[in-house]
Each structure stands twice: as C-alpha cells, then as structure tokens.
Amino acid sequence: MLPRILGKTFFGSKKLPGKIDFRKDLQEQIAMVRDSTHLFLGGGNCSAIRVGRVNFTPDQLADNIMAAVKGAMSYISDSWAGVERILIKTEDSLALPIWPDAIYKDQAQ
Numbered sequence: 619m620l621p622r623i624l625g626k627t628f629f630g631s632k633k634l635p636g637k638i639d640f641r642k643d644l645q646e647q648i649a650m651v652r653d654s655t656h657l658f659l660g661g662g663n664c665s666a667i668r669v670g671r672v673n674f675t676p677d678q679l680a681d682n683i684m685a686a687v688k689g690a691m692s693y694i695s696d697s698w699a700g701v702e703r704i705l706i707k708t709e710d711s712l713a714l715p716i717w718p719d720a721i722y723k724d725q726a727q
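Residue numbers 619 to 727, in this note's numbering, belong to the letters of the sequence shown in order.
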C-alpha cells in the first residue's frame, strides 16, 4: 500500500520513511530513525547496507560495519556460511573486500 501512495520513485531510490510513534518521546523516536539503516534483501545473492558517511572517523565506520553485519546475520540463511564476501564502497568508488570469499581464502593458503 505504501509504494502506491508514495510512488515508485521513492521506493526505487530505497529512501524509505522511518516509523515514528507519536505517543512516545518524539525527540528519541526521531533520533532512532535518523541513526538507523535498512537491509534490502532482494531476489538475488547480493544485498547492501548503508553503514556510514564519508565524514565518519575510521573507528565510527568500523563500529557501524560490525553492528550492521551482526544485525544482518539474523536475516541471512546459514548465517556466516551464507556469506561469501563483504565489500565496502562509497557511491563512486570501487568495492573493496573486507571479508574474503573462497577465492581469496584459497590464494592465502
């Protein structure tokens, strides 16, 4: 129902609205939506999670990556066995592997 109301463009860019409960502390609810991310599980074998911004420190980015991966594991079948690789990239960069797949593991041995 929501895609029909907001339009395909809104959902195509994966800019989903956040859920706010106006019966609770509004400032806390807005902060929670602002500081969250979404995991889009498509029909294929690749998913993306936004975990930071270019102005984050390396420590902030590492903490966000660890938290996002930990949260995503509950949605991935076979948990770590279902993960071939984890890559990090910016909007206009190449994807750099930070968790190797079987190819990299074979080369390391």
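Simulated from the structure, these hints should not be mistaken for laboratory data.
Some hints here could point you the wrong way.
[Said to hold, decoys possible] Label-pair distances were calculated between CB atoms; the ranges are:
1) Gly689 <-> Asp639: 34 to 44 Å
2) Ile638 <-> Asp696: 16 to 26 Å
3) Arg668 <-> Ile638: 30 to 40 Å
4) Ala699 <-> Gln647: 30 to 40 Å
5) Glu646 <-> Gly689: 17 to 27 Å
6) Asp710 <-> Asp643: 16 to 26 Å
7) Asp696 <-> Glu646: 17 to 27 Å
8) Gln645 <-> Pro718: 40 to 50 Å
9) Leu714 <-> Ala685: 15 to 25 Å
10) Arg652 <-> Lys688: 38 to 48 Å
Note that the coordinates shown come from a computational prediction; the quantities given were computed from them, not determined experimentally.
We treat Cβ as the ideally placed atom computed from N, Cα and C, and that holds for glycine.
Results of checking the hints against the structure:
1. Gly689 and Asp639 have their C-beta atoms about 21 Å apart, which leaves the hinted 34 to 44 Å range violated.
2. The hint said 16 to 26 Å for the Cβ distance between Ile638 and Asp696, and at roughly 34 Å that hint is violated.
3. One distance hint, 30 to 40 Å for the beta-carbon pair Arg668 and Ile638, is violated here, with the actual separation near 19 Å.
4. Separated by about 36 Å at the C-beta atoms, Ala699 and Gln647 satisfy the suggested range of 30 to 40 Å.
5. Taking the beta carbon of each, Glu646 and Gly689 are about 20 Å apart, inside 17 to 27 Å as hinted.
6. Between Asp710 and Asp643, the C-beta spacing of about 38 Å breaks the proposed range 16 to 26 Å.
7. At about 36 Å, the CB distance of Asp696 to Glu646 disagrees with the hint of 17 to 27 Å.
8. Between Gln645 and Pro718 the CB atoms are about 42 Å apart, so this pair conforms to the stated range of 40 to 50 Å.
9. Range check, Leu714 to Ala685: about 19 Å between beta-carbon atoms, so the 15 to 25 Å window is met.
10. Our hint of 38 to 48 Å for Arg652 and Lys688 is violated, since their Cβ atoms are close to 20 Å apart.
Hints 1, 2, 3, 6, 7 and 10, counting from the list given before, are not met by this structure.
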